Amino acid sequence: MIPELGHFALILGFCLACILAVVPAWGAWRRNSRAMALAPGLAVGLLVFVGISFACLCTAFLQDDFSVKVVASNSNSLLPPMYKFSAVWGNHEGSLLLWALILSLWTCAVAVFSGQLPLLVLARVLSVMGAVGVGFLSFLLLTSNPFARLLPGTPADGNDLNPLLQDPGLIIHPPLLYMGYVGFSVAFAFAIAALLGGRLDASWARWSRPWTNVAWAFLSLGIMLGSWWAYYELGWGGWWFWDPVENASFMPWLAGTALLHSLAATEKRGLFKSWTVLLAIFAFSLSLLGTFMVRSGVLTSVHAFATDPARGLFILVFLALVVGGSLTLYALRAPAVTSRVSFEWISRESLILCNNVVFLVATITVLFGTLFPLIMDALGLGKYSVGPPYFNAVFVPLMALLAPFMGLGPTARWKKDSTRRWQSELAVPALVAVVCGLTLPLLNADYNLWVALAVTLSAWLVLGLLRDLWHRVRGAASLGTGLRRITPSYWGMFLAHLGFAACVTGIVATSQYNIEHDLKMSPGDTEILAGYEFHFVELAPVRGPNFVADEARFEISRDGELIARLAPQKRRYLATGQVMTEADIDGRLFRDLYVAMGEPIGQDGAWAMRLHYKPMVRWMWLGAILMAIGGFTTVADKRYRRARAPVAVPGAEGAARGA
Amino acid sequence: MIAAVRVALLSLLLMSAGALAVIETYEFSDPALEQRYQLLSTELRCPKCQNQNIADSNAPIAQDLRKLLYQQLEAGASDEQILDHMVARYGEFVRYRPRFAGATAVLWLAPFLLLAAGITIAVLTLRSRKVRTGEAASLSVDDEQRLRKLLGETEKNS
Amino acid sequence: MAPRLKLFLPLLIFAIMAVFLFRGLSLDPQAMPSALIDRPLPEFELPVLGQERLLARKDVIGEVALLNVWATWCVSCRVEHPYLVQIAAGGVPIYGVNYKDEDAAASRWLAELGDPYRLNIADRAGSLGLDMGVYGAPETYLLDAAGVIRYRHVGVVDERVWQTILQPLYRELVAKGEAR
Numbered sequence: 002m003i004p005e006l007g008h009f010a011l012i013l014g015f016c017l018a019c020i021l022a023v024v025p026a027w028g029a030w031r032r033n034s035r036a037m038a039l040a041p042g043l044a045v046g047l048l049v050f051v052g053i054s055f056a057c058l059c060t061a062f063l064q065d066d067f068s069v070k071v072v073a074s075n076s077n078s079l080l081p082p083m084y085k086f087s088a089v090w091g092n093h094e095g096s097l098l099l100w101a102l103i104l105s106l107w108t109c110a111v112a113v114f115s116g117q118l119p120l121l122v123l124a125r126v127l128s129v130m131g132a133v134g135v136g137f138l139s140f141l142l143l144t145s146n147p148f149a150r151l152l153p154g155t156p157a158d159g160n161d162l163n164p165l166l167q168d169p170g171l172i173i174h175p176p177l178l179y180m181g182y183v184g185f186s187v188a189f190a191f192a193i194a195a196l197l198g199g200r201l202d203a204s205w206a207r208w209s210r211p212w213t214n215v216a217w218a219f220l221s222l223g224i225m226l227g228s229w230w231a232y233y234e235l236g237w238g239g240w241w242f243w244d245p246v247e248n249a250s251f252m253p254w255l256a257g258t259a260l261l262h263s264l265a266a267t268e269k270r271g272l273f274k275s276w277t278v279l280l281a282i283f284a285f286s287l288s289l290l291g292t293f294m295v296r297s298g299v300l301t302s303v304h305a306f307a308t309d310p311a312r313g314l315f316i317l318v319f320l321a322l323v324v325g326g327s328l329t330l331y332a333l334r335a336p337a338v339t340s341r342v343s344f345e346w347i348s349r350e351s352l353i354l355c356n357n358v359v360f361l362v363a364t365i366t367v368l369f370g371t372l373f374p375l376i377m378d379a380l381g382l383g384k385y386s387v388g389p390p391y392f393n394a395v396f397v398p399l400m401a402l403l404a405p406f407m408g409l410g411p412t413a414r415w416k417k418d419s420t421r422r423w424q425s426e427l428a429v430p431a432l433v434a435v436v437c438g439l440t441l442p443l444l445n446a447d448y449n450l451w452v453a454l455a456v457t458l459s460a461w462l463v464l465g466l467l468r469d470l471w472h473r474v475r476g477a478a479s480l481g482t483g484l485r486r487i488t489p490s491y492w493g494m495f496l497a498h499l500g501f502a503a504c505v506t507g508i509v510a511t512s513q514y515n516i517e518h519d520l521k522m523s524p525g526d527t528e529i530l531a532g533y534e535f536h537f538v539e540l541a542p543v544r545g546p547n548f549v550a551d552e553a554r555f556e557i558s559r560d561g562e563l564i565a566r567l568a569p570q571k572r573r574y575l576a577t578g579q580v581m582t583e584a585d586i587d588g589r590l591f592r593d594l595y596v597a598m599g600e601p602i603g604q605d606g607a608w609a610m611r612l613h614y615k616p617m618v619r620w621m622w623l624g625a626i627l628m629a630i631g632g633f634t635t636v637a638d639k640r641y642r643r644a645r646a647p648v649a650v651p652g653a654e655g656a657a658r659g660a
Numbered sequence: 002m003i004a005a006v007r008v009a010l011l012s013l014l015l016m017s018a019g020a021l022a023v024i025e026t027y028e029f030s031d032p033a034l035e036q037r038y039q040l041l042s043t044e045l046r047c048p049k050c051q052n053q054n055i056a057d058s059n060a061p062i063a064q065d066l067r068k069l070l071y072q073q074l075e076a077g078a079s080d081e082q083i084l085d086h087m088v089a090r091y092g093e094f095v096r097y098r099p100r101f102a103g104a105t106a107v108l109w110l111a112p113f114l115l116l117a118a119g120i121t122i123a124v125l126t127l128r129s130r131k132v133r134t135g136e137a138a139s140l141s142v143d144d145e146q147r148l149r150k151l152l153g154e155t156e157k158n159s
Numbered sequence: 009m010a011p012r013l014k015l016f017l018p019l020l021i022f023a024i025m026a027v028f029l030f031r032g033l034s035l036d037p038q039a040m041p042s043a044l045i046d047r048p049l050p051e052f053e054l055p056v057l058g059q060e061r062l063l064a065r066k067d068v069i070g071e072v073a074l075l076n077v078w079a080t081w082c083v084s085c086r087v088e089h090p091y092l093v094q095i096a097a098g099g100v101p102i103y104g105v106n107y108k109d110e111d112a113a114a115s116r117w118l119a120e121l122g123d124p125y126r127l128n129i130a131d132r133a134g135s136l137g138l139d140m141g142v143y144g145a146p147e148t149y150l151l152d153a154a155g156v157i158r159y160r161h162v163g164v165v166d167e168r169v170w171q172t173i174l175q176p177l178y179r180e181l182v183a184k185g186e187a188r
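As they're listed, the protein sequences go chains P, U and D.
Per this note's numbering, the very first residue in the first sequence carries number 2; after that it's consecutive.
Per this note's numbering, the very first residue in the second sequence carries number 2; after that it's consecutive.
Per this note's numbering, the very first residue in the third sequence carries number 9; after that it's consecutive.
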């Protein structure tokens, strides 16, 4: 009964989405305010019904209703309850329902938090989001019904969730990722509304900025969790594989990063108007394209869903409608003339332009590299692979090119600045950065040029930020009042840039100083790696809720002092018989020690073991978290809140030159 | 990376793909060979897997290729010889780092061309903007005032 | 370029991409042509299945033939085996490469299920397989009279595969040989 209720709620949600897509848009066209005023209510209704539908699917999973097909193929009665819950989105149908739920969530949020928007704009924005909702809900209903039953023929027990997905990180990774993906639909909807209205002024940028920042922050967290999960769960010790599915999430992030910066210029200075609109379309299009790539089977990936060409065709048609439609609208309505707002070469605007060029080139390169095998195949030119060596070779120089300009960003003034001022402000940070770069890598045994470069650039970013912060604070009566005067918007930029520096340092240090050793070890053996003694104490059988395992117990010591006990496992899941490696990690701020089990060798209890020493690997994820916090912080800025209460006193944040 | 990782059913039947740490315990005569082994095994794609390199895959073919790689390294073959050897048998597909030749040259040149194009467009747009704003400075002031009114705030630094 | 037309550029790029994506839907990224198409069958020196006698490349070439890579551990090989017997009965020469298998098990299999092969090469370590770019059993190669590999089929050879793909190619090669 409950699954049917869910299905029914989904159909009602679909109907509401259809009305939302049509009626307020029609109202905006005919200037019928009654039709427009329906939009917020419809948005709330959409969330309610999609929410009911999602709750029904969750119930089916939690109650082990194996008559529902997705439950039978993705859950098992032995599965711990929290994984039964996450199994809801561990499959194509359920994850698509999650997509739809999150889209309704964002739609409803726009309806609730945008009371200050002119009704005309709000109606258009919600209609666009409703139209996107129609696409996804019809996709669900027509090709991927999550409530399809297995009647008759209900199995006694389910097939179990893929053991790879039975992990706490993977419970929150997809929702965060989708919050990011789908969040870009808000900026997209605002952009389309602006194009429809024909007024591409700074106001649309102001309205969509907080939404974009939040979506970007969620996406950063989502990608970070995915990378972290791959690191500890896949058992290979890698954290980024440039797999098409990873790229699918990374491309919207790159485009989103360009968008955030471009929006800043559009909001503050009325610049790059049509360019920013294009970026907003681009960022969301890449989210949709990612969905297509993951679910259509056009590209080979370790992470792809079980694929189906019919679904692929559906998404492609949807993609063509949304992207083709919005780009046509763009071509017809975007202002063709460059705006008359002026700025000098030496200015913050130019630096934002640099950011945009680098991030856009990065996005297109990742897109081209990801689709290249498909293009060659389609042209009949043979089968090719484009993998990490290519992407790394392209990405490292691009980011190295970005960093010098990025360090200038916070200090630079809008419209007109002077190189002389930059020199006097930043000569010391630049010098100190070079000194840091030359000396800090000496702390490690072998000096490495790449690390030296990364440290120099990161130090340049951090010192530039600190210099600027000091500049803002020093005029104040006390440090406290000075710091308090700084706007959340500035703090957001500060944290995000700091996070970027941490991330770069972590990535380069761990790639260059990583030590990996694969060897045969028997209980009692000791191996020394990077000064750490890995002592293999014993092998013990362990029993989990839905698996049995061999557990290798390690004691790690340094200079005779016990530092950590690690217990990697080799698990066999009972329902499917799948064998899984569970690595164990001793994670510290400056280094991770990582042990994973391979296969038993011979009969005398020896095992193949992988030992890793990974310096500063955590900096990468901490950096991503800082970036995300930065993104969230900007929303607290008064000028977005004031937007809700139009009568407010300007000037409080007059000093803000924020991000 | 998408969360819901699901290894296609087919591949489960053909080879037990999944998160198996693949750990080979080859003894190398020279640590430099081990380093080259680690690098090359991540740059060679397993021909019959999902998107995996031969270092990470547990498929029988990946095991064979690792062994071949190990033997060739110990036999003193150069990186290029080893890659050619693999390509002759399994096609260009096995190279995660496509050769710079013919059609793949486009792939390698694309980022540089894009960057050059991006910079050119940015510079040209800026130039034309400066020329135009030079002519219409008064309008620009109007525009900015309108903008500020819209934004409803006074910006200090300009 | 006129300013208006410039704005259509993103749409144009997207349209081109969409065409490729559409084409991609009907392509199989996993389907892999052999790297040895139109190349001679690699040299080898391996024993006959169950014997010590060594075979070389020259022993299996000379006429248009199929070369079937199989093993007893391979489930799909059991599926295609009866059909191979049928093809062989029709006069098509089939050579076998017993890939990474045990001779005893393979001989038992042939005794039980029938032997469609003219000769069976015992590739116990998979070295010939590696040289041929085999990545799993079953695979079936079509050799011309000069011993050049003309086609590879990965997976089960059944009636559909034989009649729509392999047999036409086989006939064409045979006809070419007779014309010469």
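Read the hints as simulated data drawn from the structure, not as lab findings.
Errors might be hidden in some of the hints.
In silico BS3-like cross-links for lysine-lysine, where the CA-CA straight-line distance does not exceed 30 Å [to be verified]:
{"no.": "1", "chain 1": "D", "residue 1": "K108", "chain 2": "P", "residue 2": "K521"}
{"no.": "2", "chain 1": "D", "residue 1": "K108", "chain 2": "D", "residue 2": "K66"}
{"no.": "3", "chain 1": "P", "residue 1": "K416", "chain 2": "D", "residue 2": "K66"}
{"no.": "4", "chain 1": "D", "residue 1": "K66", "chain 2": "D", "residue 2": "K184"}
{"no.": "5", "chain 1": "P", "residue 1": "K70", "chain 2": "P", "residue 2": "K416"}
{"no.": "6", "chain 1": "D", "residue 1": "K108", "chain 2": "P", "residue 2": "K384"}
{"no.": "7", "chain 1": "D", "residue 1": "K66", "chain 2": "U", "residue 2": "K68"}
{"no.": "8", "chain 1": "P", "residue 1": "K70", "chain 2": "U", "residue 2": "K68"}
{"no.": "9", "chain 1": "D", "residue 1": "K108", "chain 2": "U", "residue 2": "K68"}
{"no.": "10", "chain 1": "P", "residue 1": "K417", "chain 2": "P", "residue 2": "K70"}
{"no.": "11", "chain 1": "U", "residue 1": "K68", "chain 2": "P", "residue 2": "K416"}
What follows is a set of in silico ranges between Cβ atoms, one per label pair, in the way DEER data are often shown [to be verified]:
{"no.": "12", "chain 1": "P", "residue 1": "G325", "chain 2": "U", "residue 2": "E75", "range": "51 to 61 Å"}
{"no.": "13", "chain 1": "D", "residue 1": "V56", "chain 2": "U", "residue 2": "W109", "range": "17 to 27 Å"}
{"no.": "14", "chain 1": "P", "residue 1": "A446", "chain 2": "U", "residue 2": "D80", "range": "19 to 29 Å"}
{"no.": "15", "chain 1": "D", "residue 1": "L177", "chain 2": "U", "residue 2": "V124", "range": "50 to 60 Å"}
{"no.": "16", "chain 1": "U", "residue 1": "W109", "chain 2": "P", "residue 2": "L575", "range": "44 to 54 Å"}
{"no.": "17", "chain 1": "U", "residue 1": "Q82", "chain 2": "P", "residue 2": "A446", "range": "25 to 35 Å"}
{"no.": "18", "chain 1": "D", "residue 1": "S135", "chain 2": "U", "residue 2": "W109", "range": "31 to 41 Å"}
As the structure is a computational prediction, the values presented were derived from the model and not from experiment.
Think of the CB as a built atom: it goes at the ideal place given N, C-alpha and C, for glycine as much as any other residue.
Hint by hint, here is what the structure shows:
1. Under the criterion of a C-alpha separation no larger than 30 Å, the hint pairing D:K108 with P:K521 is consistent with the structure, at around 25 Å.
2. With a C-alpha separation of about 22 Å, the suggested pairing of D:K108 with D:K66 holds against the 30 Å cut-off.
3. This hinted pair does not check out: P:K416 and D:K66 have alpha carbons roughly 79 Å apart, beyond 30 Å.
4. About 21 Å separates the Cα atoms of D:K66 and D:K184, which keeps this hinted pair within 30 Å; it holds.
5. Restraint check: the Cα-Cα separation between P:K70 and P:K416 comes to about 60 Å, which exceeds 30 Å; the hinted pair is violated.
6. Pair hint D:K108 plus P:K384 holds up; C-alpha atoms about 27 Å apart against a cutoff of 30 Å.
7. Annotation: proposed proximity of D:K66 to U:K68 holds, straight-line Cα distance about 28 Å (limit 30 Å).
8. Restraint check for P:K70 and U:K68: the C-alpha separation of about 42 Å exceeds 30 Å, so the hint is violated.
9. Of the pairs offered as hints, the one joining D:K108 and U:K68 holds, with about 14 Å between alpha carbons and a cut-off of 30 Å not exceeded.
10. As the CA atoms of P:K417 and P:K70 are separated by approximately 63 Å, the hinted pair breaks the 30 Å bound.
11. Between the alpha carbons of U:K68 and P:K416 the distance comes to roughly 62 Å, so the proposed pair goes past 30 Å and is violated.
12. Distance hint check for P:G325 and U:E75: the Cβ-Cβ separation is about 55 Å, which falls inside the suggested range of 51 to 61 Å.
13. A beta carbon spacing of about 48 Å between D:V56 and U:W109 contradicts the range 17 to 27 Å that was offered as a hint.
14. Between P:A446 and U:D80 the beta carbon distance is about 26 Å. The supplied range of 19 to 29 Å therefore holds.
15. Taking the beta carbon of each, D:L177 and U:V124 are about 57 Å apart, inside 50 to 60 Å as hinted.
16. Distance hint for U:W109 and P:L575: a CB-CB separation of about 49 Å, consistent with the stated range 44 to 54 Å.
17. At roughly 33 Å, the beta-carbon separation of U:Q82 and P:A446 lies within the given 25 to 35 Å, and the hint holds.
18. Distance hint for D:S135 and U:W109: a CB-CB separation of about 35 Å, consistent with the stated range 31 to 41 Å.
Checked against the numbered hints above, the structure violates hints 3, 5, 8, 10, 11, 13; every other hint is satisfied.
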